[in-house]
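Undergrad: Read off the chains here:
Number of protein chains: 2
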Amino acid sequence: MDFRLIQTCPDGKARAGELITPHGSVPTPVFLPVGSQATVKTLTPGELKEIGIPIVLANTYHLYLRPGIGVIEKMGGLHKFMAWDRPILTDSGGYQIFSLAALRRVSDDGVLFRSHIDGSEHFITPELTVQLQEALGADIMMVLDECPAYDDSLEKVQMAMTRTHKWAERCQRAQKRSDQVLYAIVQGGVFPELRHQSAKYLTSLGFAGYAIGGLSIGEPKEITLAMIEETVTLLPETKPRYLMGVGAPEDIVEGVARGIDMFDSALPTRVARNGALFTWQGRYNIRNAVYSQMDGPFAPGCDCYTCRTFSAAYLHHLFSCDELLGYRLATIHNLNFIHNLMQKIRNAILDGSFSSFQDSFWASYQPTNEQTRLDQKRKWLKSRSSGQ
Amino acid sequence: MDFRLIQTCPDGKARAGELITPHGSVPTPVFLPVGSQATVKTLTPGELKEIGIPIVLANTYHLYLRPGIGVIEKMGGLHKFMAWDRPILTDSGGYQIFSLAALRRVSDDGVLFRSHIDGSEHFITPELTVQLQEALGADIMMVLDECPAYDDSLEKVQMAMTRTHKWAERCQRAQKRSDQVLYAIVQGGVFPELRHQSAKYLTSLGFAGYAIGGLSIGEPKEITLAMIEETVTLLPETKPRYLMGVGAPEDIVEGVARGIDMFDSALPTRVARNGALFTWQGRYNIRNAVYSQMDGPFAPGCDCYTCRTFSAAYLHHLFSCDELLGYRLATIHNLNFIHNLMQKIRNAILDGSFSSFQDSFWASYQPTNEQTRLDQKRKWLKSRSSGQ
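The listed protein sequences correspond, in order, to chains H and U. Note that my numbering has the first sequence beginning at 66, numbered continuously upward. Note that my numbering has the second sequence beginning at 66, numbered continuously upward.
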């Protein structure tokens, strides 16, 4: 058994459970910090543990290009390489190939792409991505999927979905190790009928878990939520459900409310390095002059190392001077915030009070303005695909 | 009493002692990591303590410009601001004004300069620098000095020296707090007769400690060593001697051999962020391909967190990807190396074996090529003064 469902909310879909892996168990709902290059940017494994992070994600695409999967395998696998003895999930590289790499040529066979680092040419197949993830030794592996853009036509999205399904079958057949689990990825863009087809087809193949891919890539938020709802109803109760690329606090709360168990996103760590820190009232930027002489912690009552140790004025000063310690302290704060959020959510589910938690969260939390959010997201996606 | 001389080598000038400060005692010889902007770049106070660092240096010039001394005073002083409860030494800002700032106009009264950050104009006097350092609350303060370039004429260096003497007297008179000590700075460039004059004059005024300034600023190493020797013989036995701006392992060993008790330099932390790591054989760059598949630690037998936790291959990977964690891990390694060096030096002095330690150090340590070192130093000084 690699997933145990413990409780579902009586008045909704929110669930509490547990992933069981060779590197320990993971309480769900869970958020996975992103360690693209075998490092959650700026932090040591010890700091992640001090926060309480139970699992991290690493990107096969990045590690394939640097240092190369063979190097990590020789060094004893990814856990040993990055000195992290808790569970790891690796993605297949699909999303990065479609968002970061240049000159993609997709065929039924696989994807030809150029490295965003040195322009070198590479060809990835479903079989190869499983082989790479087996060499890395992650606890949870993901199938290779084709990721259309959020504004692609139904026809294009349908073709990508069909290909994703075939690739999922090939990944399944390619799996050799029995101590790792493989999750499928539901695609289908913003088209409910495609989402239905995709969920039905993939669940008929029988995977250890199901991810919802191709969302949070620039589409309006109400569409993201609608697509989650369309998909989740067709996924089996007994398997974990993983919403890929979602990491804003409000989106996590709404994802959990719709039956999601797992989330990952670089957002909490990326915005931290820009000075944007989470509070229960919303996101505030420490660079703001209001913090320049604030003697107390950035977030009064916060139990993170940063807020326990330093004043908001000191953190503001570090950001004013572009000191690397500032990026560290902000990253610690944001991951601690998200981890506390996940714990509060889980406790609320377990004692049957999730919907009142959801209400109280929304009563105080002011999310980033929707248009600003979309503009930022699209700008970021664009800067990535142009190789910045 | 703020300095206790414990032992002098029977066959040389190396000494072991102890600085006594309101924030605890500091075994000497000691190396002070540089925390220009109230942070030893990339590290937390906890990490410095884990290494064993007993004292750090902060730059009055930097803190005066950002966040402003008034802010730090309001936040409860520099110790509280940076969450460091061990001793702190602050410099006077003199060296930075003469190396970093633009448009200097020096008069007997003080120095007019423009900020290297925003071009704003500031006027610093000896009285003001003491006032600023009292507001910061450092355990050890430095007098304002005028720092000529290493290739300035005897006449120019003499004028700067005379001014430095007058400023030292004014600093002494300006001191109000009794829980801080003030050190004088011997100047005189590369001219032995000026070094003699400066040492005699300043010691006649009676300071708590004596620094040797205006060295390690681009002059050949044999001249640095000769000037140290010329100066030290004229300094009182019972006061600490501080060689400013020196931090290469081989220079520390030679400084100690000539009777120096204190050193500071940004070199160990700065070169760490470039990937250059110390070993007992010399400095090696982790970016070198030889480390790309090295399973063991960078420096076998090293007891630092980095070498205990990660392979050389992982550290190499972090530097290849410009991951911030790499800069942290390299900084930890270098400061740990220098701290171990200081401990070995002190133990050798205490058990009377310093000259054999010095021999064994040189038998294995291959210093950076002299010409490379000078070129790097001059290039770095030039890049600083052009505001990069």
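The hints are simulated quantities; they were obtained by calculation from the structure and are not laboratory data. Errors might be hidden in some of the hints.
Note that identical chains are pooled: a pair holds if it fits in a single copy or bridges any two copies.
Keeping only pairs whose Cα atoms sit at most 25 angstroms apart, straight-line, the calculated SDA-like set for lysine to any residue is [unchecked claim]:
no., residue 1, residue 2
1, Lys145, Ser420
2, Lys286, Thr298
3, Lys139, Pro365
4, Lys78, Leu446
As the structure is a computational prediction, the values presented were derived from the model and not from experiment.
Undergrad: Report the numbers of all earlier hints that the structure fails to satisfy, in ascending order.
TA: 1, 4
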